[in-house]
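Undergrad: Since the structure of chain A is already known, use the hints to place chain B on it.
The chain contents come next:
2 protein chains.
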Amino acid sequence: MNDRTATDAPVATLGELDTPCLVLDAERMERNIARLRRRLDGCNVSLRPHLKTAKSIEVARCVMTSPAGPATVSTLEEATQFAAAGVRDIIYAVGIAPSKLARVLRLRAEGVDLAVVLDTVEQAKAVARASLETGVRIPALIEIDCDGHRSGVPPADGSRLVEIGRIIERGAELRVVLTHAGGSYSARGVDALRQCAEAERASVVAAANILREADLPCPVVSAGSTPTAHNAANLTGVTEVRAGVFVFFDLVMAGVGICGIEDIALSVLGTVISRPKPGLCVTDSGHKACTQDHGNPGVRDVAGASVLFLSDEHATISIAADSQVKVGDRILLWPSHIDPTINLHDVFYVLDGEAVVDTWPITARGYSEQRRKE
Amino acid sequence: MNDRTATDAPVATLGELDTPCLVLDAERMERNIARLRRRLDGCNVSLRPHLKTAKSIEVARCVMTSPAGPATVSTLEEATQFAAAGVRDIIYAVGIAPSKLARVLRLRAEGVDLAVVLDTVEQAKAVARASLETGVRIPALIEIDCDGHRSGVPPADGSRLVEIGRIIERGAELRVVLTHAGGSYSARGVDALRQCAEAERASVVAAANILREADLPCPVVSAGSTPTAHNAANLTGVTEVRAGVFVFFDLVMAGVGICGIEDIALSVLGTVISRPKPGLCVTDSGHKACTQDHGNPGVRDVAGASVLFLSDEHATISIAADSQVKVGDRILLWPSHIDPTINLHDVFYVLDGEAVVDTWPITARGYSEQRRKE
Numbered sequence: 038m039n040d041r042t043a044t045d046a047p048v049a050t051l052g053e054l055d056t057p058c059l060v061l062d063a064e065r066m067e068r069n070i071a072r073l074r075r076r077l078d079g080c081n082v083s084l085r086p087h088l089k090t091a092k093s094i095e096v097a098r099c100v101m102t103s104p105a106g107p108a109t110v111s112t113l114e115e116a117t118q119f120a121a122a123g124v125r126d127i128i129y130a131v132g133i134a135p136s137k138l139a140r141v142l143r144l145r146a147e148g149v150d151l152a153v154v155l156d157t158v159e160q161a162k163a164v165a166r167a168s169l170e171t172g173v174r175i176p177a178l179i180e181i182d183c184d185g186h187r188s189g190v191p192p193a194d195g196s197r198l199v200e201i202g203r204i205i206e207r208g209a210e211l212r213v214v215l216t217h218a219g220g221s222y223s224a225r226g227v228d229a230l231r232q233c234a235e236a237e238r239a240s241v242v243a244a245a246n247i248l249r250e251a252d253l254p255c256p257v258v259s260a261g262s263t264p265t266a267h268n269a270a271n272l273t274g275v276t277e278v279r280a281g282v283f284v285f286f287d288l289v290m291a292g293v294g295i296c297g298i299e300d301i302a303l304s305v306l307g308t309v310i311s312r313p314k315p316g317l318c319v320t321d322s323g324h325k326a327c328t329q330d331h332g333n334p335g336v337r338d339v340a341g342a343s344v345l346f347l348s349d350e351h352a353t354i355s356i357a358a359d360s361q362v363k364v365g366d367r368i369l370l371w372p373s374h375i376d377p378t379i380n381l382h383d384v385f386y387v388l389d390g391e392a393v394v395d396t397w398p399i400t401a402r403g404y405s406e407q408r409r410k411e
Numbered sequence: 038m039n040d041r042t043a044t045d046a047p048v049a050t051l052g053e054l055d056t057p058c059l060v061l062d063a064e065r066m067e068r069n070i071a072r073l074r075r076r077l078d079g080c081n082v083s084l085r086p087h088l089k090t091a092k093s094i095e096v097a098r099c100v101m102t103s104p105a106g107p108a109t110v111s112t113l114e115e116a117t118q119f120a121a122a123g124v125r126d127i128i129y130a131v132g133i134a135p136s137k138l139a140r141v142l143r144l145r146a147e148g149v150d151l152a153v154v155l156d157t158v159e160q161a162k163a164v165a166r167a168s169l170e171t172g173v174r175i176p177a178l179i180e181i182d183c184d185g186h187r188s189g190v191p192p193a194d195g196s197r198l199v200e201i202g203r204i205i206e207r208g209a210e211l212r213v214v215l216t217h218a219g220g221s222y223s224a225r226g227v228d229a230l231r232q233c234a235e236a237e238r239a240s241v242v243a244a245a246n247i248l249r250e251a252d253l254p255c256p257v258v259s260a261g262s263t264p265t266a267h268n269a270a271n272l273t274g275v276t277e278v279r280a281g282v283f284v285f286f287d288l289v290m291a292g293v294g295i296c297g298i299e300d301i302a303l304s305v306l307g308t309v310i311s312r313p314k315p316g317l318c319v320t321d322s323g324h325k326a327c328t329q330d331h332g333n334p335g336v337r338d339v340a341g342a343s344v345l346f347l348s349d350e351h352a353t354i355s356i357a358a359d360s361q362v363k364v365g366d367r368i369l370l371w372p373s374h375i376d377p378t379i380n381l382h383d384v385f386y387v388l389d390g391e392a393v394v395d396t397w398p399i400t401a402r403g404y405s406e407q408r409r410k411e
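Taken in sequence, the protein lines are chains A and B.
Taking the numbering used here, I'd label the letters of the first sequence as residues 38 to 411.
Taking the numbering used here, I'd label the letters of the second sequence as residues 38 to 411.
The reader is advised that the hints may include incorrect statements.
If chains are identical, the list can't say which one is meant, so a pair holds when it fits in one copy or spans any two.
[To be verified] Here are the simulated lysine-lysine pairs, BS3-like style, with alpha carbons at most 25 Å apart: (1) Lys363 x Lys162; (2) Lys162 x Lys314; (3) Lys363 x Lys314.
Read the hints as simulated data drawn from the structure, not as lab findings.
Looking at chain A on its own, in the form it has when it is part of the complex (with noise of 0.2 Å):
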């Protein structure tokens, strides 16, 4: 926690906080940043931590090897507050829409080092034509589909790949590929997540060597999950990772078995509102506070208790018939996926033990730069 002094004094503890909220175990996540830092070490690549999971500067502090970066972000609006906040070095890692290229002008004009994502012939076209009427070289990776998982160009697809990355040399500047293992999300097991690194590994490396083989040069190999970053036997070839979760993890991570449940750092606090009848309890830490997309959040330190459905905000929690949870009562529920329930809260409250000891804003949330003129 690189902004805290010793002589910080508490600002409240766990039970004087407003609910729902958003807690942050600050030692479980220097943890886990450090754990995936020793994984790296020695594998000769560099870390480039996806700052869409915690959208927070602060959070990014924690985690970027410099001030400065490198770092990934899934909008623009996080590259736009990231960038304010002293970014320079930063990929926008979802595949960029023309319409989005005047909005990464400004950002480069000033100053900031915004790489862009693309897989198809029609954005390479439109990324060389913006840089040429522009003439600031946008850099562009070509996204590579490691595993049929969503988007990119699958690595056998060689003809399209240096028909993709000739156009961009030509107009923009060529950082070249990049690939996302979005399946490994549904491996389980040791040896399906090392397949789904080396398949991640070897796609990517397969492009660069396609596109080497075309003589156009390949300085950037970046791939990337938390789950095959935590896995991965072999990086050769690879010159950085990507991966975001691993900061915090969450009971999908969990699920994978990439962490256990107690090296989850954050959690939703929410207060007993109801206790409709014995075996039964409801918060006020509905979907509004804690995302369903993942399925139903884990319930942590009551023995049995389990959610049985989510309102937008309310918590219907299954208990034991004997408990005595009353009204009043704090529950913490574990996210089952941690980045869309950062999207939905303003703050980190910075937990050391049961003490609050900082603040941290969420800012980077969103989309637009359009907001009304009052």
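TA: Relative to chain A, chain B alone:
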């Protein structure tokens, strides 16, 4: 659209908006509001719209019967934001946590007639105690469980109802009973919906009668959900109706049969950012822009298209094998559940046809008064 004038020029067209974003068809919204108003005319009930859906003062002013209310909210942050915009008559319709009474009292001290909701003896005691300690009689409504859906006192539990009523009456102000037919969201067909509406009405009226027989005052008998408001054949004994989603509708409401797809007034606009193979396209409107808590969104205006899955910042969409959809094209999604989807955005872009004629901020998001003091 109460703040638009004939001189407003379009600020953009649909094709010029940054994506993903939320677009509001104002004409459909006005039609939906008029429809519920017509429906309630002559029923001798007032409409207390639920502002948790829109979280926007501009929408609130379209739907409230006066700029001061009445209104319903689901968080104290919503109460705070709407109070700041002049709303004076508010029910906070989520069970009160005793720790939130200080904030309730602050809002009341600012001149807001803010009432709370509860269903336990413990909450009643906390509200009575806070009222006695401060000399401010906090108005409280007892939540009635009309369908076993979530929380509330079952109307058959007359002794608990009267016990809670007496505790409130001694210290605070008993405004009495409120229920919400949450179960109506899974009802199908007019007969089933009418039964839900009648069960809701009968429960809350029965509870009111039990309190009246115990010589407790019962000025307010509040019921509501969009499905029951649109289907009640009889509202005798009910004094006010709460409903929220009727303003916009969504796929859940279309599934219940309360509206047609063509009545849905909000869509999420995205841009195609990848065409990984024939029959598939990827847009930038993932579940951080369009929630999937009640299932995937629908695809608007593209024949035969459907969402396969959402990632944080990607929607992977199945399209016809010979579809000419290309990178840069715009695709509109119908949200499955509009409340949490609105909660992800900063603004509504207000459309008149293809022209964006206004931008309305969505200000009442989040929960906490405590923000970092920079």
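Undergrad: Give a verdict on every hint.
TA: Structure-based check of each hint:
no., hint, in the structure
1, Lys363 x Lys162, "between (62 Å within a copy, 13 Å between copies)"
2, Lys162 x Lys314, "between (63 Å within a copy, 19 Å between copies)"
3, Lys363 x Lys314, "within (11 Å within a copy, 54 Å between copies)"
Of the numbered hints listed earlier, not one is contradicted by the structure.
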